[in-house]
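*Asks:* What follows is the residue order along each chain.
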Amino acid sequence: MRHDHLITSKQLSRADIEAILDRAAEIDADRAAVADRHAGSLLGLLFFEPSTRTKMSFETAMKRLGGDVVDMGSVESSSVKKGETLADTVRVIEGYADALVLRHPKQGAAKMASEYVDVPLLNAGDGAGHHPTQTMLDLYTIRENAGLDDLTIGIMGDLKYGRTVHSLAHALTNFDTRQHFISPESLQLPREVIYDLHQAQDAQVREHETLEDILPSLDVLYVTRIQQERFPDKDEYQKVAGEYQIDKRILEAARDDLTIMHPLPRVDEIAPEIDETEHAAYFEQAHNGVPVRMALLDLLLSKNGGGADE
Amino acid sequence: MSDDHEHHDGNTDHELRVSKIRDGTVIDHVRGGQALNVLAILGIDGSKGEEVSVGMNVPSDRFARKDIVKVEGRELSQDEVDVLTLIAPDATINIVRDYEVVEKHRVERPDVVVGVLSCPNDGCITTGNEPVTSRFDVLEGAVRCSYCETIVREEIAALIDTA
Numbered sequence: 001m002r003h004d005h006l007i008t009s010k011q012l013s014r015a016d017i018e019a020i021l022d023r024a025a026e027i028d029a030d031r032a033a034v035a036d037r038h039a040g041s042l043l044g045l046l047f048f049e050p051s052t053r054t055k056m057s058f059e060t061a062m063k064r065l066g067g068d069v070v071d072m073g074s075v076e077s078s079s080v081k082k083g084e085t086l087a088d089t090v091r092v093i094e095g096y097a098d099a100l101v102l103r104h105p106k107q108g109a110a111k112m113a114s115e116y117v118d119v120p121l122l123n124a125g126d127g128a129g130h131h132p133t134q135t136m137l138d139l140y141t142i143r144e145n146a147g148l149d150d151l152t153i154g155i156m157g158d159l160k161y162g163r164t165v166h167s168l169a170h171a172l173t174n175f176d177t178r179q180h181f182i183s184p185e186s187l188q189l190p191r192e193v194i195y196d197l198h199q200a201q202d203a204q205v206r207e208h209e210t211l212e213d214i215l216p217s218l219d220v221l222y223v224t225r226i227q228q229e230r231f232p233d234k235d236e237y238q239k240v241a242g243e244y245q246i247d248k249r250i251l252e253a254a255r256d257d258l259t260i261m262h263p264l265p266r267v268d269e270i271a272p273e274i275d276e277t278e279h280a281a282y283f284e285q286a287h288n289g290v291p292v293r294m295a296l297l298d299l300l301l302s303k304n305g306g307g308a309d310e
Numbered sequence: 001m002s003d004d005h006e007h008h009d010g011n012t013d014h015e016l017r018v019s020k021i022r023d024g025t026v027i028d029h030v031r032g033g034q035a036l037n038v039l040a041i042l043g044i045d046g047s048k049g050e051e052v053s054v055g056m057n058v059p060s061d062r063f064a065r066k067d068i069v070k071v072e073g074r075e076l077s078q079d080e081v082d083v084l085t086l087i088a089p090d091a092t093i094n095i096v097r098d099y100e101v102v103e104k105h106r107v108e109r110p111d112v113v114v115g116v117l118s119c120p121n122d123g124c125i126t127t128g129n130e131p132v133t134s135r136f137d138v139l140e141g142a143v144r145c146s147y148c149e150t151i152v153r154e155e156i157a158a159l160i161d162t163a
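Protein sequence lines, in the order shown, are assigned to chains C and U. Following full-length UniProt numbering, the numbering of the first sequence begins with 1 at its first residue and continues without gaps. Following full-length UniProt numbering, the numbering of the second sequence begins with 1 at its first residue and continues without gaps.
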């Protein structure tokens, strides 16, 4: 990677992304080969928001590289509760750890924090902003199932607040993809994301309110949760929610090789009856978080002097 | 009135609606109604004893109505001039010494403005108590927060940090 911090997928070129995915595939194929690669290294976990998958997969990734983690713990039990700023927190913890992972409810938190530290900092989600490491495991899963070029992908659900969507959409502009965004009008992509997509050369982007017309052409359908709490009016939520749920009946119109993904957790966007079909890739997607984050940590820590030569 | 320095002829223009200045800066061709925002963007509120004259919604050849701001005893820096483009893209800057216009230039759009605007996004890290200075990238007809990436096209003047 060109940068010591991973703040947004926008900073990554196609070559950067391919290097990360290739490294993840190598690690996935032979995890024993890297089992002691970062022995003695420590990863600082700073999660200012609850997280299960992201936090555990980073922890697993670091331990599978032979390293260990130091965890800030919950916000309630930390100095944050006493009013410490994020800028101070990261400056303290960088003295303990060789790299930092930050999740924070405020947009731009990772960018600001990265300005205060010298060790690599990875953005594990900043409010409704970005989630680039999720994007890397999403791309890894897409590449495994459908390839990354000549790809038609539908991205559906809460596109306004969905940080995984924002990061993924931009990363996909590096490849020959046609992106279709499906959401209720009130949850369409923010204009800054649309702006970036239009700035990207050759990006092919369309927005829809229903899945029906576009479904038969899709290679991949990436589903996110429509969050009830985003709707001021519960009736409005009930009106739209049903239109964005995937079940076997809806999939009758889909291609047999359609890959369905979801960053999880899901609530009722994808019926359990889909889980056992060939379409379902969301648990595989979650599992891919470990080799992909191992690859990211390996690339960043090796660049900064850690890691044994293989 | 906008060109009163250029037509300076001694005593008569001391009676102009907006008085002439001896040394300082005249910001002319500001869009009507934006003069107070110009002062805000320059951090001028009169509390430091600055001598300021403001004309608002006065007749103009170029626009139907324009504002004009005259600041006595202060020559604007290029950085200050640059940020004016956000709200006064057509402004003309006249540097005055001993009642004469010695420099006259148009504002030019900067790439970035730092510490001038506040982000309107409540979810942005710059709106909390962090020790971070606001930073906006300047786009065509808009600004974009460098931290949360929010784009603002309308009402940029409302973002001016007057604290």
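Treat the hints with care, as some may be off.
[As the list claims (entries may be wrong)] Going by beta-carbon spacing under 8 Å, a handful of chain U positions derived as facing chain C:
{"id": "1", "residue": "Val-58"}
{"id": "2", "residue": "Arg-62"}
{"id": "3", "residue": "Phe-63"}
{"id": "4", "residue": "Ala-64"}
{"id": "5", "residue": "Gly-123"}
{"id": "6", "residue": "Ile-125"}
{"id": "7", "residue": "Asn-129"}
{"id": "8", "residue": "Glu-130"}
{"id": "9", "residue": "Val-132"}
{"id": "10", "residue": "Glu-149"}
[Said to hold, decoys possible] Here are a few chain U residues that sit away from chain C, every Cβ distance over 12 Å (derived from the structure):
{"id": "11", "residue": "Ala-40"}
{"id": "12", "residue": "Met-56"}
{"id": "13", "residue": "Asp-61"}
{"id": "14", "residue": "Gln-78"}
{"id": "15", "residue": "Glu-100"}
{"id": "16", "residue": "Asp-122"}
[What the hints assert, rightly or not] Far from chain C, some chain U residues (derived; all Cβ distances over 12 Å):
{"id": "17", "residue": "Gly-32"}
{"id": "18", "residue": "Lys-48"}
{"id": "19", "residue": "Ser-53"}
{"id": "20", "residue": "Leu-76"}
{"id": "21", "residue": "Lys-104"}
{"id": "22", "residue": "Asn-121"}
{"id": "23", "residue": "Pro-131"}
{"id": "24", "residue": "Arg-135"}
No lab work stands behind these hints: they were computed from the structure. Quick caveat: nothing in here was measured; it's all calculated off a predicted structure. We treat Cβ as the ideally placed atom computed from N, Cα and C, and that holds for glycine.
*Asks:* The structure should be examined with respect to each hint, and the outcome stated for every one.
*Replies:* Outcome of the hint check:
Interface restraint check: U:Val-58 against chain C, minimum CB-CB distance 36 Å, threshold 8 Å, status violated. Interface hint status for U:Arg-62: violated, as the beta-carbon distance to the closest one in chain C is roughly 31 Å, over 8 Å. Because the beta carbon of U:Phe-63 sits about 29 Å from the nearest beta carbon in chain C, more than 8 Å, this interface hint is broken. Evaluation of the U:Ala-64 hint against chain C yields a violated restraint, the C-beta minimum of about 31 Å exceeding 8 Å.
Hint status for U:Gly-123: holds, given a least beta-carbon distance of 5 Å to chain C, under 8 Å. Here the hint on U:Ile-125 is kept, as its CB sits about 4 Å from the closest CB of chain C, short of 8 Å. Annotation: interface hint on U:Asn-129 holds; nearest CB of chain C at approximately 6 Å, less than 8 Å. About 5 Å separates the beta-carbon of U:Glu-130 from the nearest beta-carbon of chain C, less than 8 Å, and the hint is met.
Satisfaction of the interface hint for U:Val-132 is found here, the shortest Cβ-Cβ separation to chain C being roughly 5 Å, below the 8 Å cut-off. Because the closest C-beta pair between U:Glu-149 and chain C is about 5 Å apart, less than 8 Å, the hint holds. Separation of U:Ala-40 from chain C is adequate, the least Cβ-Cβ distance of about 24 Å exceeding the 12 Å criterion. Residue placement check: U:Met-56 keeps its beta carbon more than 12 Å from all beta carbons of chain C (closest about 32 Å).
Against the 12 Å criterion, U:Asp-61 stays outside the reach of chain C, whose nearest CB is about 36 Å from its own CB. Distance check for U:Gln-78 against chain C: the nearest CB is about 25 Å away, which clears 12 Å, and the non-interface claim stands. Distance check on U:Glu-100: its Cβ is at least 45 Å (rounded) from any Cβ of chain C, clearing the 12 Å threshold; non-interface status holds. With a cut of 12 Å on Cβ distances, U:Asp-122 falls inside the contact zone with chain C, its closest approach being about 9 Å.
For U:Gly-32, the non-interface assignment is confirmed: its Cβ lies about 28 Å from the closest Cβ of chain C, beyond the 12 Å cut-off. With a cut of 12 Å on Cβ distances, U:Lys-48 stays outside the contact zone with chain C, its closest approach being about 30 Å. At the 12 Å boundary, the C-beta of U:Ser-53 stays outside the reach of chain C, the nearest C-beta of that chain being 39 Å off. At the 12 Å boundary, the C-beta of U:Leu-76 stays outside the reach of chain C, the nearest C-beta of that chain being 29 Å off.
No beta-carbon of chain C is positioned within 12 Å of the beta-carbon of U:Lys-104; the least distance is around 35 Å. Remark: the non-interface label on U:Asn-121 conflicts with the geometry, its nearest Cβ contact in chain C lying 7 Å away (cut-off 12 Å). With a cut of 12 Å on Cβ distances, U:Pro-131 falls inside the contact zone with chain C, its closest approach being about 5 Å. For U:Arg-135, the condition that its CB be more than 12 Å from all CB atoms of chain C is violated, with the nearest at approximately 10 Å.
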